[in-house]
Amino acid sequence: MWSRCGQKLFRLSKSYLRTVPLICAESLDSQKTLTVIGTNKYPLMKRKCHSVPQRPTGKLQKVMLPTKSENDTREYRSLFLENGLRVLLISDLNGQAASEIDEDEETEDESGSESGSESDGHPSDEEMDDDMEDDRPGNSKPPSEKKSAVALCIGVGSFSDPDDIPGFAHFLEHMVFMGSEKYPKENELDDFLGRHGGFSNAWTDCEKTCFYFDVERKYFRRALDMFAHFFISPLFREDCVDREIEAVDSEFQMNLPNDDDRINTLFGTLSKPGHPMSKFFTGNAETLRTIPKQNGINVYSRLRDFYTRMYSSHYMTVAIQSKDSLDKLEEWSREIFSAVPHNDLPQPVFHDLKEPFDTTNFRKMYRVVPVEDAHKVYVNWALPPCLDKYRTKPLDYLTTVLADEGEGSILAYLKEKLWALSIVGGYSYDGFEMNSTTTSFCVVVTLTDVGLKHYEEVVEMIFQYIHMLEEVGPQKSLYQELKQIEESKFRWKELGDPLNYVEKVSENMQMFPWEDVLTGRTLMYDYDPKMISDCLAHLTPDKCNIMLMSDTFENTDLCPLEERWYKTKYGVYDLSSDFIQRLKDCGCNPALHLPRPNAFIATDFDLRKHEDNSKYPKLLKSDENGKFWFKPDTKFKVPKGYNYIHLMSPVVYRSLDSAILLDFFVNLLEHQLTLVAYPAYLAGFEYGVEGHETGILLYMSGFSHKMKAITDLLLDRVFGFRCTRNEFKMMKEEVTRIYNNDMIRPDKLARMLRFAVTSPLNWPIPDRLGRINDITHDMFERFVEEFQQNVWVESFLTGNFSEEEAAGYKDKINAVLPGAPLPVTQLVQKKLYEVPVGNTYCQVKGYNYDDNNSCVVVYLQSEPGRIYTNTINEVLGTRMTEPCFDFLRTKHQLGYSTFCEYLLTNGILGLAVTVECQANKFSMSAVDKHIDDFLVEFRSILDSMTEEEFKSLVDSIIAGKRCEDTHLGEEAGRNWREIYDQTYIFDIIEREIKILPTLTLDILKDWYLQYEKGRHRKISFQIVGKTEDDKPSSSDTVDRPKEKAAVMGNTYPLTCLVDEDQSHAAPITDIKLYKQTLNVLPFTKIIS
6 MWSRCGQKLF RLSKSYLRTV PLICAESLDS QKTLTVIGTN KYPLMKRKCH
56 SVPQRPTGKL QKVMLPTKSE NDTREYRSLF LENGLRVLLI SDLNGQAASE
106 IDEDEETEDE SGSESGSESD GHPSDEEMDD DMEDDRPGNS KPPSEKKSAV
156 ALCIGVGSFS DPDDIPGFAH FLEHMVFMGS EKYPKENELD DFLGRHGGFS
206 NAWTDCEKTC FYFDVERKYF RRALDMFAHF FISPLFREDC VDREIEAVDS
256 EFQMNLPNDD DRINTLFGTL SKPGHPMSKF FTGNAETLRT IPKQNGINVY
306 SRLRDFYTRM YSSHYMTVAI QSKDSLDKLE EWSREIFSAV PHNDLPQPVF
356 HDLKEPFDTT NFRKMYRVVP VEDAHKVYVN WALPPCLDKY RTKPLDYLTT
406 VLADEGEGSI LAYLKEKLWA LSIVGGYSYD GFEMNSTTTS FCVVVTLTDV
456 GLKHYEEVVE MIFQYIHMLE EVGPQKSLYQ ELKQIEESKF RWKELGDPLN
506 YVEKVSENMQ MFPWEDVLTG RTLMYDYDPK MISDCLAHLT PDKCNIMLMS
556 DTFENTDLCP LEERWYKTKY GVYDLSSDFI QRLKDCGCNP ALHLPRPNAF
606 IATDFDLRKH EDNSKYPKLL KSDENGKFWF KPDTKFKVPK GYNYIHLMSP
656 VVYRSLDSAI LLDFFVNLLE HQLTLVAYPA YLAGFEYGVE GHETGILLYM
706 SGFSHKMKAI TDLLLDRVFG FRCTRNEFKM MKEEVTRIYN NDMIRPDKLA
756 RMLRFAVTSP LNWPIPDRLG RINDITHDMF ERFVEEFQQN VWVESFLTGN
806 FSEEEAAGYK DKINAVLPGA PLPVTQLVQK KLYEVPVGNT YCQVKGYNYD
856 DNNSCVVVYL QSEPGRIYTN TINEVLGTRM TEPCFDFLRT KHQLGYSTFC
906 EYLLTNGILG LAVTVECQAN KFSMSAVDKH IDDFLVEFRS ILDSMTEEEF
956 KSLVDSIIAG KRCEDTHLGE EAGRNWREIY DQTYIFDIIE REIKILPTLT
1006 LDILKDWYLQ YEKGRHRKIS FQIVGKTEDD KPSSSDTVDR PKEKAAVMGN
1056 TYPLTCLVDE DQSHAAPITD IKLYKQTLNV LPFTKIIS
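All residue numbers for the sequence shown refer to the working numbering, where the first residue is 6 and numbers rise by one.
Keep in mind that the hints were calculated from the coordinates and are not lab data. Hints are not guaranteed to be accurate.
In silico BS3-like links for lysine-lysine, alpha-carbon gap of 27 Å or less [as the list claims (entries may be wrong)]: (1) Lys896 x Lys934; (2) Lys626 x Lys713; (3) Lys632 x Lys836.
For clarity, every value in this text was computed on a predicted model and none was experimentally measured.
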């Protein structure tokens, strides 16, 4: 997710381009209408690229409701307010009468007396999934609660930045949160949300800006009023200006190493001078403070005028979802949002600025130096704006075929030659890719070392496929197949998280007419072969731009130029007429063809009937080969399923070599699976292969009808695995790159460092890099064979299956296991070292020498956990969240990402405070001291906490635990966590809910004692970024970590530094020697 205030630039990602959420239309005969009352005080501006509903006139007007899924139990109502603001109300009563819902709303005079700030800096869901040891336990949630959420999207963004203040729209987004006339306290909303289970966030795009939050339902009305007043009467506190400029700058500095941001910014410079695509959207201290001062510009004095011009009610769309009646939501909307001012000015539009890339800078060849260890070739075309083609979606059709990964695809052919690893292609709805001036369409191929040498032939292969598409023409059968897939997904679309939903809906309201707000982004409505052919006609060699990105260009004369903001090194070259002609004349390749009919498309959606309505999984079968758990879906009633298969083996982590070989195995499995499993991905299945300390995890989700086929496919590939020597050589290069890239980000390196020090089973990446060149194909074959012969399986199937069908999954597992049963006693037990009492630090230099980003993670270890103590630790961590952010970011501006976590790592409780900062702003000793100061201040916060505040905190946590699941995947994930950890306490949340009311403030205060100085078990893990003093001469270049790695054969030793400014703490100077002095804590499961 985006951090609380974020600049939303498009990140080209396979997950986006391969997985499209599905929405489909119902018959227009079923549309409902409603009456909207209003006066024609202000005209509503029309967007030229698509139709939007006109503002209501003084007469009664009927407005069509959005088309929704048959599976969607929510009710909708569309409103125009008198100030032109458009609102979509979403009532989530799910058949309950409003009178049945608890009406115990908080009183109007409740105030936020506790300190707090935004919920920024929390790790994303993806990052938490990467750290299975740190996930908090949780299971079946007593239903009845559901959070309320709202999102407000403004049809104005960074395109509207004044030329003399780049990043001003993004800066304004930050400043809006700094209080209002009615609620003047800084961060008052975030403090209020933090005390009532809520979260807020915001982002700025090219032509849109979005703000959103969620909170417990009974506090929604008050939070909604606080939120709305940011847009009614914001204070724009002058004393916040410098701090928020620093926040924007820290965000920019954190993104400097991001190659997607770097390539996008460079791409923007190819547009016409003065076109908004050429602007620097994010902003930094230079554009928001230094340059304006030099030019005599007072940024603060310009802020309110810019706000008045850009944040007008008739540019705004609001989506509100709550477990309240539509009438109540309409009443609140009119009372609260009608006061948002209208500026009587037309909305800023840019649709007249067509063809931004019709320049001499485009249609060239660019060589680019990345931060990551990677080779990629980008082929880009700039098409006319395509948003108005959302009903026919010609680019979705072209994306599907050009980015196909199955038989006959570009990628399949390139993989056969060992030239490529992956392909992505197409476009997104993010403003940088699709806006009112252009739509960018691209194909990006990740190359191997050999593929880099043949990049021209790779580009030629792309155009051979395009020529094939021109020759065969658009295929209605393929379009209908894609439409069928999307319709099936939409028909059984589950509700999902309210916050994510309103965010997307409010944005859609800026792009689509009312009836298509829920469907316009993804539904393939109408087949139009001419439109597909017209779009395909733009994908010609003489209209493309090529970027070749490779770290091999570094320190060569191939990239003499430097982009201004991200300092990206690049070189520009003409595309020769001979090469362009070669691409025009390359013809068709007989190895390339359109995807075959998809055998994984589900057609059986009948729901299974179950006599057993148990809330928890049951052990369906247990034998010498493992355990098989099953739970039928009796709640969500959708024809879907989730399948988890944990292939546990003592082979995988018994040595450094085995850890490396496991990485080879997992990556080669994924590499080979693509060819055969990609059609399943297109058909709506998610699947994956993960390496763990305990073995390999296979997981699948999708329609239950074809789940068995994808499960069999994955198991057969694992136990029938074969690998050629050339494949192995190619994967050795790729795994080496993965290792290098995993260490580039300081936050990932700090996390790796924590486990390197505290986990007995951890083999850190630097050690793997030092050994990988010695790993041979013969070693790999022996490892795979030994793994296949020594597996014990624990699996879990849940969803739309009968017991008889479920038993077939277990039978398949037993059938593929080739070896003798593995004794359970041989399985790995995950443990942790005991951190000694006192202050210890472990400091290393960042891997990317040119990056000034640093990271400090203060790890405070507790004790082996029980359900009771884990619950106390959760209460403590929850209470620390807002004060931590307020102290470290808001007050001391240490960095953009600061957060506190409560941990459960291999059964051991703990806390962690993380600060990502810049080395040229703060030393490691200064950051560590600030964290210590926060921990001291938090004691005073606890001491001043009243019984009423403590009860409110506990009630908020209980309410969060009672929030009902929004989809089958949430329930499946919680149940799987218990099985994966082998704790099997499926009612863990119910137990925690019973414990929480028994806790007292004194218990919480006593629990915190162990984390205070003098008693705490603390290690401060510190990754040091580049400072101004780090300017090595040519004689000491090898002291730079990345260069040193090259000299030493791709190894980056964890050389620990001694910091004279931290003489109060004990340094770790050698990790291996330090670990030898530690005791291992007992193997712990949270089972009592």
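For a C-alpha distance cap of 27 Å, please report whether Lys632 and Lys836 respect it. It holds: about 23 Å lies between the C-alpha atoms, which stays within 27 Å.
**Pair hint outcome, Lys626 versus Lys713 [Cα-Cα no greater than 27 Å]** = holds, 18 Å
Note to self: So if I understand the rule, the pair passes when the alpha-carbon distance is 27 Å or less; does Lys896 with Lys934 pass?
What the structure shows: Judged against 27 Å, a Cα distance of about 14 Å means the pair holds.
Consistency note: the structure conflicts with none of the earlier hints.
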